[in-house]
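> Line order of the protein sequences matches chains A and B.
Letter 15 of the first sequence, counting from 1, is numbered 15 in the working numbering, and no numbers are missing.
In the working numbering, each residue's number is its place in the second sequence (first place is 1) plus 1000.
The set of hints was computed from the structure by calculation and includes no laboratory data.
A virtual CB, placed ideally from N, CA and C, is assigned to each residue, including glycine.
Take these hints with a grain of salt, some might be off.
[As the list claims (entries may be wrong)] Result set (DSS-like, lysine-lysine): computed pairs, CA atoms no more than 25 Å apart in a straight line:
no., chain 1, residue 1, chain 2, residue 2
1, B, 1090, A, 42
2, A, 41, B, 1090
3, B, 1200, B, 1234
[Stated by the list, open to error] Computed footprint of chain A on chain B; a stretch qualifies when at least three of its residues, placed anywhere within it, have a C-beta under 8 Å from a C-beta of chain A:
no., region
4, 1013-1025
5, 1062-1072
6, 1329-1340
7, 1413-1422
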Amino acid sequence: MIKGLFKKPRNELELSTTGAKPAPSGVYIPPELFTVCPGCKKSVFTSDVQENAYTCPNCGLHMRFPARQRIVWIADPGSFVELWPDLKSSDPLNFPEYKEKLKAAERASEESESVLTGTARIGGIETALFVMDAAFMMGSMGTVTGEKIARLFEHAAEEDLPVVGFTASGGARMQEGMLSLMQMAKTSGAVKRFSDAGGFYLAVLTDPTTGGVTASFAMEADVTAAEPGALICFAGPRVIEQTIRQKLPPGLGRAESLLKNGFLDKIVPRDQQKKFIVRMLRAHKKPRREG
Amino acid sequence: MFQKVLIANRGEIAVRVIRACKDMGIATVAVYSDADQEALHVGLADESICIGKAPAADSYLNMQAILSAAAVTNAEAIHPGYGFLAENAKFAALCEQCNIRFIGPESRHMIAMGDKDHARRTMRNLGLPVVPGTEIVSDAGEARAAARDIGYPLMIKARAGGGGRGIRLVTDESDFERAFLDASREASSGFGDSGLYLEKYMQNVRHIEVQILADTFGKVICLGERDCSMQRRKQKVLEESPAVDLPEQTRARMHADAVRAAEHIGYVNAGTLEFLVDEAGDHYFMEMNTRLQVEHPVTETVANIDLVKWQIRIAAGVPFPYNQEDVNIQGHSIECRVNAENPAEGFRPSSGTVDFLHIPGGPRVRFDTALYTGCTVPPYYDSLLGKMIVHASTREKAIRKMQAALAELVITGVDTNIDLHLDILADPVFQSGAYTTDYLESRGIK
């Protein structure tokens, strides 16, 4: 054994001469420096994850992507113009603790709602864009979410723009009760009118896209893509298992199983998404209306 | 002064740094991989922490594990040695963030000099001669046109390059496009940056580098130069200081240029500017190494200064007490890199257990190594076993002393390149000092 073989010299610490900076007063590793990947459980540098479009540099797991950063990543630089940023949820039912939850969600996501809407150029093509943010009450759909989505489709129809949307949602927002469920019909109606007018709609379903959002605008696109491993379902696997008291086959509700069963057109990893979206937009580009 | 320093390295350089710390009364923390549990640096340090599996990517390059080891042991500073994380700007920045002093330059200097294209432009703007070439060329077509202006042979180099990767020598225009695309791919996959520039390939040149040391108060001193022309595949084999038959005017200009460059960029700690010197005695800046060099002992020996101790003191904010006038280069020093490799079999790396080791002694003979009888040389890391360094009043005496020392050095159990060194030392061309970077290649040693 090499350890313990050598004696320790009795040298005192060399004197620092004048002008020496005091030594640092204790190592501190800021917790935000590292992110533990939920997939491989490895601890990786947060900066690496961010530079890698929120995919794990070790195992490639697609982590949740903050909406505003996703826009910076997918849209041509400086081209995003946000629409209706001031629409904010109220508490129409006086639901217990809803106001506090909204405030906490604003703090967690640094956004005022679970979806960002606007126009942007992607690969030089003018597009109406919505991106949902799972950090805002798990992307749940309240009246404002539905309103912003519906308005975006109406705006796109008026301006003759294609719509590109990234969904991420736990479903309808229970704190808004029936009003929230009504957003399914409202957004579906808007998508239908947009579609009837000949508009092109591409959706990218990200983890998780569930509940009322899956049952409405997420599944109504002309081209429905998804991110690898994303949970896409109406009711989550745990809820189904508890209801039917049976173990579900592994992978049920994940993008790969949906693709196999014909619910999706394609699974597109993030590093290929921009190219894919641009190709789809080009393929479905309509000649601009005159005037 | 730091109470405790973590050494983020292995092998002879980890031992070298631990010894300096012991002299200074600083407690040491060694980090090691699974393959290095019985390594000398682990035994010498006051504390040791295993940081991962044998492959370097899992251990000595594992920034998170190393930072965690520093946190657990409360080490105030990290000495990175050379190689591994020594020129990793991200690691230096992380140390700054975690309130750990990185013993070396600031991350901004590593970024500025690590971008070889940026470094060339900085030096050119300062009036330093640089190897003739281009800035970043965007595509093969543009590059080919630029290549015609420079003339063949030429080098294609990666902006982010290092360790001989992302570099191609092109002797004929018909090979240019393929070499350009190869280098671009290699740079892109190796460094995540496919930026390439072209440089004239200079023949019959010597590789001479200048050592500088800069404190945190803006004082920069030059500690002379090293001749590192004895190379195989761009890897240094033997180094000496001072450079032989270097015209005094060239030497003075190189030293002044190195100091001026370091002052201009506000450099701190030990650094080396590498130059090529042609037959006419003109020098051209190649790149700057922002770290301690493997061959630092030849400078220590002739300048009578402990570079590692001063690296630590400078990082602790101690002002440098000497001025340029106090630097007195005395005698001649040679270093031979003893590697675990077999020259007869194309320099195949060798690993195994050292079953017998005899290290020569005597005045002015130094062998920096992490070997001991019974130790294991693992196959995972670079092949350096040790560095034999001798010092004498003249070059001729230094060569004699090195021949005697290497002839006495015995390492059994692994193959070594000792015989190659003995052949070089006995060669009249080497002894005359008239050798250039193509010495080994021109003798069929590739």
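> Indicate, hint by hint, whether the structure satisfies it.
Right, here's what the structure says about each hint:
Restraint check for residue 1090 of chain B and residue 42 of chain A: the C-alpha separation of about 19 Å stays at or below 25 Å, so the hint holds. A C-alpha spacing of about 23 Å is found between residue 41 of chain A and residue 1090 of chain B, which places the hinted pair at or below 25 Å, so the restraint holds. Restraint check for residue 1200 of chain B and residue 1234 of chain B: the C-alpha separation of about 16 Å stays at or below 25 Å, so the hint holds. Counting residues of the region 1013-1025 of chain B whose C-beta sits closer than 8 Å to any C-beta of chain A gives 4, which meets the bar of three, so the coverage hint holds.
With 6 residues having a beta carbon nearer than 8 Å to a beta carbon of chain A, the region 1062-1072 of chain B meets the requirement of three or more and the stated coverage holds. Beta-carbon proximity to chain A at under 8 Å applies to 0 residues in the region 1329-1340 of chain B; the threshold of 3 is not reached and the given coverage is violated. Restraint check on the region 1413-1422 of chain B versus chain A: 0 residues with Cβ-Cβ distances below 8 Å, three needed, restraint violated.
In summary, the structure is inconsistent with hints 6 and 7 from the numbered list given earlier, while agreeing with the others.
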